[in-house]
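Asks: Use the sequences and the hints to build the structure in full.
Using numbering that gives the first Met the number 0, the first residue of the sequence shown is number 0, and each one after it goes up by one.
So the derived label-pair ranges between C-beta atoms look like this: (1) D186 <-> E29: 25 to 31 Å; (2) Q132 <-> P235: 20 to 26 Å; (3) D186 <-> D134: 38 to 44 Å; (4) R218 <-> Y251: 22 to 28 Å.
As a list, the in silico DMTMM-like pairs of lysine to aspartate or glutamate whose alpha-carbon atoms are at most 20 Å apart: (5) K273 <-> E54; (6) K146 <-> E127; (7) K273 <-> D50; (8) K146 <-> D103; (9) K146 <-> D134.
The set of hints was computed from the structure by calculation and includes no laboratory data.
As the structure is a computational prediction, the values presented were derived from the model and not from experiment.
The beta-carbon is built from N, C-alpha and C at its ideal position, and this holds for glycine as well.
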Amino acid sequence: MPQPELAVLISAYERPAHLRRCLFSLMLQEEVAGRFEVVVTDDGSSSATLDVVREFAREAAFPVKLTTHRHDGFRLARCRNEGIALCTAPYVLMSDGDCVFPRDHLHCHLSGRRQGFFVAGDCFRLSEVASAQVDLAAILSDRLMEKVHAQERRRLGWKTARAIAYTRLQLRMLPRLTGCNMAVWRDDLLAVNGFDERFVGWGLEDRDIQRRLETLGRRCRTILPSTAAFHLWHPPVESFVRNNVGTPNLAYYESNSHSVRCLQGLANHLGRVKDLLEPSCNRSTGMPPQGLLEKLAAPSRQSTS
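Replies: Written out as structure tokens, the structure is:
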């Protein structure tokens, strides 16, 4: 099998019903057959969540990998580093297991690659009611925009306009990276030593890596005119603090030197992370069998932090 061009890195912790929909939307991606791999990097979920990944891997028409570790608080930076260590593709698209993607999402990111740049995107934030309506039919129909509230459309519309201007002006630290929809060349991730694992708890690990990528000489461009993810509602994680006010992560970010490489990062995992899955089977159609479709047809409203 030829090396994939794109690694789709999905960070997950619990919420198996959300993760199932996220992964199912990747099965429906168009114009990218044979061009991508999926790496699910888990923060210590229960077996129910890991079983979702194993089920997905058995039905996927592309390579699927899984890594996890013992849960010890919110460690997204470590999750992403472990996933990057398993990637073989030269370009890495990062998102989360509570996001669902339009059918052209991966194609837009592949078309938007540019050497010397990393890519920032965002997501439409669905309400609790709308998220419960994102069932099999909604994902299959590719009509998720109908679930987005008008106010949320306006929010992301204004952000898109600003992001286009920021890209043209080449402003520092703008547009801003958000972990739900960002893409970076793997060589650049290696150069900055990935995410800084001293960020524990919610927030700022993406801002930190953006700062180091820009110090490396890379520039940020927006993908928002082309594609955005859809974020499924869930209660906030325990460590969430708006704008990170008064958090250890903010204190560390503000005191940290502007070096290119972090000290505790990706290098700790290269050659050490194991794929927990057997090689996934390759189906000619890439579509899941009827049994899986029936399971997806009745979304659970269960959410865990």
